[in-house]
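Q: The primary structure of each chain is shown beneath.
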Amino acid sequence: MKVKVRFFARFRELLGTELIAEVAERTTLPDLIQQITQKNIEGYNAIFDESGHFREYVIVMRNARRIDLEDAEKNIVANGDDIAIFPPVAGG
Amino acid sequence: MFSERERERYKRQMMLFGNEGQERLKKAHIFIAGAGGLGSPVSLYLAVAGIGTLTVVDRDVVDQSNLNRQILHNDNDIGRKKTESAEEKLRAINPDITIRVIDATIEEKNAEKLVGKADGIVDAMDNYPARYILNDIAIRKKIPLFHGAICGFYGQATTVIPGETACFACIFQKAPPKEVFPVVGVTPGIIGVIQATEVLKYLLKSGELLTNRLFIWDGMQAHAEEIRMERDPRCAACGSLFENYGDKQ
Numbered sequence: 001m002k003v004k005v006r007f008f009a010r011f012r013e014l015l016g017t018e019l020i021a022e023v024a025e026r027t028t029l030p031d032l033i034q035q036i037t038q039k040n041i042e043g044y045n046a047i048f049d050e051s052g053h054f055r056e057y058v059i060v061m062r063n064a065r066r067i068d069l070e071d072a073e074k075n076i077v078a079n080g081d082d083i084a085i086f087p088p089v090a091g092g
Numbered sequence: 001m002f003s004e005r006e007r008e009r010y011k012r013q014m015m016l017f018g019n020e021g022q023e024r025l026k027k028a029h030i031f032i033a034g035a036g037g038l039g040s041p042v043s044l045y046l047a048v049a050g051i052g053t054l055t056v057v058d059r060d061v062v063d064q065s066n067l068n069r070q071i072l073h074n075d076n077d078i079g080r081k082k083t084e085s086a087e088e089k090l091r092a093i094n095p096d097i098t099i100r101v102i103d104a105t106i107e108e109k110n111a112e113k114l115v116g117k118a119d120g121i122v123d124a125m126d127n128y129p130a131r132y133i134l135n136d137i138a139i140r141k142k143i144p145l146f147h148g149a150i151c152g153f154y155g156q157a158t159t160v161i162p163g164e165t166a167c168f169a170c171i172f173q174k175a176p177p178k179e180v181f182p183v184v185g186v187t188p189g190i191i192g193v194i195q196a197t198e199v200l201k202y203l204l205k206s207g208e209l210l211t212n213r214l215f216i217w218d219g220m221q222a223h224a225e226e227i228r229m230e231r232d233p234r235c236a237a238c239g240s241l242f243e244n245y246g247d248k249q
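Protein chains in written order, with this note's numbering: chain S, 1 to 92; chain R, 1 to 249.
Keep in mind the hints are simulated off the structure, nothing from the lab. Everything numeric in this text was worked out from a predicted model, so none of it was measured. Beta carbons: idealized from backbone N, C-alpha and C, even for Gly. Some hints could be false.
As the list claims (entries may be wrong) - Taking lysine-lysine pairs in the DSSO-like style, the calculated list, with each CA pair at most 27 Å apart, reads:
#1 R:K113 / R:K81
#2 R:K174 / S:K74
#3 R:K109 / R:K142
#4 R:K89 / R:K117
#5 R:K174 / R:K142
#6 R:K174 / S:K4
What the hints assert, rightly or not - Footprint (simulated), chain S over chain R, 3 or more residues, beta carbon under 8 Å:
#7 116 to 128
#8 172 to 186
Claimed, not checked - Covered stretches of chain S (chain R as the covering partner; in silico rule of three or more C-beta atoms under 8 Å from a C-beta of chain R):
#9 9 to 19
#10 60 to 71
#11 80 to 87
Generate coordinates for the entire structure from the input sequences, incorporating the hints supplied.
A: Listed below in structure tokens is the structure:
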């Protein structure tokens, strides 16, 4: 099945604007993003912490709805999902 | 009531929102937290629009490295307090409004007093701890918070109406790490002008505010996007405002 993943701001510079990922059944949302980013160390480290969890300030949206990062692994991705990953910016 | 000079000054925008709208702006008091990259366009555009009272707070002095983006200040201001420089420029650009400046660091202990009786807070800060403080004050005083932030060619903005919409802490539950951010002046220019537009719409009671939406700007792609945001019923900052409503939202 196919899932669209979109990156924003700095994640976009590291990982590209968007991609369509081919994923296996029963893949969790964090697993999907780890699979996509594992070959890009900088990109991976920007999104995940040392223990492989989403960094706590990252905003993850699935089909326009915010994902609670504490329960991220409960999200099993489905065909046609639109995942958006966004790092808040801080400057002013 | 407007003077002849004010009528002439605001003629072209009174075509949009009339005498009544201009009166609303004149009666308003907006608090601008920061006179830097975002604070420059925000304060300049709110000043020329005729917001009756602007309070601008900043703790820094003007540095040469500020001048690629902080368009309130110029080479002659290097070493001066940003508040002093801001006051001079804003008075010059519109002598028909009241400019108040406060040379201070925004902290939990002084923020409520600094904001005073303002009708709204513009977040033109460069760090999340100060933003959480401003969000708390906005909630306590039930006045809007107009958020903006930038990094490089990227920017974000949202508007918070306490008790009605997601607040800053609902959207940004955890602060990103502090960093020296790269920036080119056009980005705070764009985001600051969006914040100023939100202030005007709020005061004029017209249009659709940028509430429950995070506006995201990518200058390199010339692409804007928005992410829908929702109030977090467990939010430590604004949750109490919604207690009477149960879980209706």
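Q: Work down the list of hints and note, for each, if the structure agrees.
A: Results of checking the hints against the structure:
{"no.": "1", "hint": "R:K113 / R:K81", "verdict": "holds (21 Å)"}
{"no.": "2", "hint": "R:K174 / S:K74", "verdict": "holds (21 Å)"}
{"no.": "3", "hint": "R:K109 / R:K142", "verdict": "holds (18 Å)"}
{"no.": "4", "hint": "R:K89 / R:K117", "verdict": "holds (24 Å)"}
{"no.": "5", "hint": "R:K174 / R:K142", "verdict": "holds (23 Å)"}
{"no.": "6", "hint": "R:K174 / S:K4", "verdict": "holds (26 Å)"}
{"no.": "7", "hint": "116 to 128", "verdict": "holds (count 6)"}
{"no.": "8", "hint": "172 to 186", "verdict": "holds (count 10)"}
{"no.": "9", "hint": "9 to 19", "verdict": "holds (count 4)"}
{"no.": "10", "hint": "60 to 71", "verdict": "holds (count 4)"}
{"no.": "11", "hint": "80 to 87", "verdict": "holds (count 3)"}
In terms of the numbered hints stated before, the structure departs from none.
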